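Novice: Chain by chain, the residues run as shown.
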Amino acid sequence: MENQFPIRQILDGEGNITDNSDELTEDLVKEMYRRMLRARTLDRKSVNLQRQGRIGTYAPFEGQEAAQIGSASAMEDGDWMFPTYRDHAATLTFGHSVTTIMLYWKGRVEGCVPPEGKNIFPPAVPIATQLPHATGAAMAEKRKGSDRVSIAYFGDGATSEGDFHEGLNFASVFKAPVVFFNQNNGYAISVPVEKQMNSKTIAQKAVSYDIEGIRVDGNDVLAVYFETKKAVEKARRGEGPTLIEAVTWRYGAHTTADDPTKYRDQQLSEEKRNQIDPLLRLERYMEKNGFWDEEWKNEVMNVCDREIEQAVEEMEAYPDADINDMFGHVFKEPVWTIEKQRDEYLSFKRGETV
Amino acid sequence: MKTMTEIKTNKLTLVQAVTDGLRTMLREHEEVLVLGEDVGQNGGVFRATDGLAAEFGEARVMDTPLAEAGIVGTSIGLAINGFRPVAEMQFLGFVYPAYEQIMTHASRIRSRTLSRYSVPMVIRAPYGGGIRAPEIHSDSCESLFTHMPGMKVVVPSNPYDAKGLLIAAIEDPDPVLFMEPMRSYRAFKADVPEEKYTVELGKGAKLTEGEDVTVIAWGNMVSTAQKAVDQLKDDNISCELLDLRTLYPLDKDLIAESVKKTGRAVIVHEAPETGGVGNDVLSVINNEAFLYLRSPVQKVAGFDTPFPFFSLEEEYLPTPERITHAIKKAVTF
Numbered sequence: 001m002e003n004q005f006p007i008r009q010i011l012d013g014e015g016n017i018t019d020n021s022d023e024l025t026e027d028l029v030k031e032m033y034r035r036m037l038r039a040r041t042l043d044r045k046s047v048n049l050q051r052q053g054r055i056g057t058y059a060p061f062e063g064q065e066a067a068q069i070g071s072a073s074a075m076e077d078g079d080w081m082f083p084t085y086r087d088h089a090a091t092l093t094f095g096h097s098v099t100t101i102m103l104y105w106k107g108r109v110e111g112c113v114p115p116e117g118k119n120i121f122p123p124a125v126p127i128a129t130q131l132p133h134a135t136g137a138a139m140a141e142k143r144k145g146s147d148r149v150s151i152a153y154f155g156d157g158a159t160s161e162g163d164f165h166e167g168l169n170f171a172s173v174f175k176a177p178v179v180f181f182n183q184n185n186g187y188a189i190s191v192p193v194e195k196q197m198n199s200k201t202i203a204q205k206a207v208s209y210d211i212e213g214i215r216v217d218g219n220d221v222l223a224v225y226f227e228t229k230k231a232v233e234k235a236r237r238g239e240g241p242t243l244i245e246a247v248t249w250r251y252g253a254h255t256t257a258d259d260p261t262k263y264r265d266q267q268l269s270e271e272k273r274n275q276i277d278p279l280l281r282l283e284r285y286m287e288k289n290g291f292w293d294e295e296w297k298n299e300v301m302n303v304c305d306r307e308i309e310q311a312v313e314e315m316e317a318y319p320d321a322d323i324n325d326m327f328g329h330v331f332k333e334p335v336w337t338i339e340k341q342r343d344e345y346l347s348f349k350r351g352e353t354v
Numbered sequence: 001m002k003t004m005t006e007i008k009t010n011k012l013t014l015v016q017a018v019t020d021g022l023r024t025m026l027r028e029h030e031e032v033l034v035l036g037e038d039v040g041q042n043g044g045v046f047r048a049t050d051g052l053a054a055e056f057g058e059a060r061v062m063d064t065p066l067a068e069a070g071i072v073g074t075s076i077g078l079a080i081n082g083f084r085p086v087a088e089m090q091f092l093g094f095v096y097p098a099y100e101q102i103m104t105h106a107s108r109i110r111s112r113t114l115s116r117y118s119v120p121m122v123i124r125a126p127y128g129g130g131i132r133a134p135e136i137h138s139d140s141c142e143s144l145f146t147h148m149p150g151m152k153v154v155v156p157s158n159p160y161d162a163k164g165l166l167i168a169a170i171e172d173p174d175p176v177l178f179m180e181p182m183r184s185y186r187a188f189k190a191d192v193p194e195e196k197y198t199v200e201l202g203k204g205a206k207l208t209e210g211e212d213v214t215v216i217a218w219g220n221m222v223s224t225a226q227k228a229v230d231q232l233k234d235d236n237i238s239c240e241l242l243d244l245r246t247l248y249p250l251d252k253d254l255i256a257e258s259v260k261k262t263g264r265a266v267i268v269h270e271a272p273e274t275g276g277v278g279n280d281v282l283s284v285i286n287n288e289a290f291l292y293l294r295s296p297v298q299k300v301a302g303f304d305t306p307f308p309f310f311s312l313e314e315e316y317l318p319t320p321e322r323i324t325h326a327i328k329k330a331v332t333f
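Taken in order, these protein sequences are the chains called A and B.
So the first sequence is numbered by this note's numbering: it starts at 1 and just counts up by one.
So the second sequence is numbered by this note's numbering: it starts at 1 and just counts up by one.
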């Protein structure tokens, strides 16, 4: 079965072109690199902020930048994105601000709110529950006669949940314009993928639903970008859903509350940096093709640093969370139980006798 | 019978007592199995199963695929066919995909088959707020399960009870939801006997004797209520603090006896107020002690809102101050 779903790649770990069927431009390569560097800077900063106690538990993604950014770059305004709690590089690329992402991890509900005009659903904390949503939103677009599409992000563990299968099946039955974007990073917390499932690939699960399933090198941002673009365009043409398995690797823990040394050889993880890292391979490619420039990288780095430092300031200067936000958004029209509880609690807070 | 001095004890935290209870039962009964996400090599996300896979092997302490409905559904199949599975939900707020399996199958197989089949399984789940966890992780949705005919619901508040109640739950012939108060997991240590013992399901505990008001709590809220009770000693308000320990079936005799004595009651829980277990406690008080009441029963509960993001969780959770306020209201009515 593995042979039927070969891993598509454009650029190998050494920065060599292995497939030249898509046109690469210097601008595209540099833009992808810039986006990945921005995301990596955010990720590393967030891990540090968590360690300093300035944000709560955080879900890092370092190593998965290519999968998230390549795919998100294939989406257009008006499309829908359904991320998990780990897909900040994707949501950042699609329109979330750094501040919004940081607020989420500071335990602020404001971190769930997308900017005006951007369809970014709040991060799915339960596993795989966002797949049927992506299908439904795509069905709605199809009924409205638009050419907008949905993309749903999920990990390898999610493919064990019922919602994964239900989301794919509905999409198949209703030919919904949705891209199911799997990041197979090898582990669902401590459980390696070979204990998660007995099938050799995730892409082959598409066969059950008679939809297209493809595997892509998830650390090759260019392959991810072009393959997602093809799936998105196919969906826009009304030709139904696609399941993409991006084979990737996350260097660090599931979250900052997790200790990967209990179940994984971290030395292996570090060795992989030199072999498959998504940023390093672009650097190598640019170097080989004569347009790598340290000075340019430093400039990009400085821009990223400034943006992120400013976002940290904004996050930390954000006004205190408003108690009324807790009570005020449960229903569109207030109901008496919540109004009574709010009034009594605010009165108690003011020291008045209730 | 051994005297207390002959019983060897260890100072354990609540989560260590859970591990101890699991180990005791895995040693004693071949048919006991532990299964769930990350329970094996990783020892559970809270380390509640730490070391068990190494001691008993992966065939008895099983890492499963990531699928709550699958974990509970296969546990039902194991339970009807001779095993005693102890399934872990990483957080109670992650139990919702498994709700169908629990509601439509685990809890009613006995009645559907006139006891031809039974489901002796335990679902363990950390629950509750106050640890700055991300969304969904902090839900206290116990009333979804007390409202489920055929399920028992158990919530220890201290290490001794955690081991004894867990062993009783595993030995129980029917399905039990075993809620573990995660804010109390490592809050303090207490003496826990090394040997096997049980704490009877359906029986609460009186933690302090008092004359003026009965304060009723469970799980994480017991220590919060204890703080309130201690503070009120300075005001010469004498509180009787009850830890219910089992939410279904309730210990109606304990509640009735206490409220008959004090004539007043304050119920404390962190789940949303509407539809909460507090209403069932209130119903027991109405039925068993109505004519003894000297003031309306007070409830201090979470609000009818989704558990908020952690920047507001301290506003949501009952505090000692809110509890003392309610107690004073009951006493001065």
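Some hints here could point you the wrong way.
To be verified - Distance condition first, Cα-Cα at most 27 Å in a straight line; then the derived DSS-like pairs of lysine-lysine:
no.	chain 1	residue 1	chain 2	residue 2
1	A	Lys349	B	Lys299
2	B	Lys329	A	Lys340
3	B	Lys329	A	Lys349
4	B	Lys203	B	Lys189
5	A	Lys349	B	Lys261
6	A	Lys262	B	Lys203
7	A	Lys262	A	Lys297
To be verified - Quick list of simulated restraints, FRET-style, between CB atoms:
no.	chain 1	residue 1	chain 2	residue 2	range
8	A	Lys288	B	Glu100	52 to 60 Å
9	B	Thr274	A	Tyr318	30 to 38 Å
10	B	Gly82	A	Asn274	28 to 36 Å
11	A	Ser146	B	Thr274	50 to 58 Å
In short, the hints are calculated from the structure, not lab data.
Values in this document were obtained by computation on a predicted structure and should not be read as measured data.
Ideal Cβ positions, reconstructed from N, Cα and C, are used throughout, including at glycine.
Novice: Now, for every hint given, state plainly whether the structure supports it.
Specialist: Hint check:
The straight-line distance between the Cα atoms of Lys349 of chain A and Lys299 of chain B is roughly 17 Å, inside the 27 Å bound, and the hint therefore holds. With a CA separation close to 17 Å, the supplied pair Lys329 of chain B and Lys340 of chain A stays within the 27 Å bound. The straight-line distance between the Cα atoms of Lys329 of chain B and Lys349 of chain A is roughly 16 Å, inside the 27 Å bound, and the hint therefore holds. About 23 Å separates the Cα atoms of Lys203 of chain B and Lys189 of chain B, which keeps this hinted pair within 27 Å; it holds.
Distance hint between Lys349 of chain A and Lys261 of chain B is unfulfilled; the C-alpha atoms sit about 32 Å from each other, more than 27 Å. Between Lys262 of chain A and Lys203 of chain B, the direct Cα distance comes to roughly 39 Å. Violation of the 27 Å bound is thereby established for this hinted pair. A threshold of 27 Å between alpha carbons decides the hint, and for Lys262 of chain A with Lys297 of chain A the separation of about 36 Å lies outside it, so the pair is violated. Against the hinted window of 52 to 60 Å, the Cβ-Cβ separation of Lys288 of chain A and Glu100 of chain B comes to about 55 Å, which satisfies the hint.
Separated by about 31 Å at the C-beta atoms, Thr274 of chain B and Tyr318 of chain A satisfy the suggested range of 30 to 38 Å. Take Gly82 of chain B and Asn274 of chain A: their Cβ atoms lie about 51 Å apart, and the range 28 to 36 Å is violated. Between Ser146 of chain A and Thr274 of chain B the C-beta distance comes to about 40 Å, which lies outside the given range of 50 to 58 Å.
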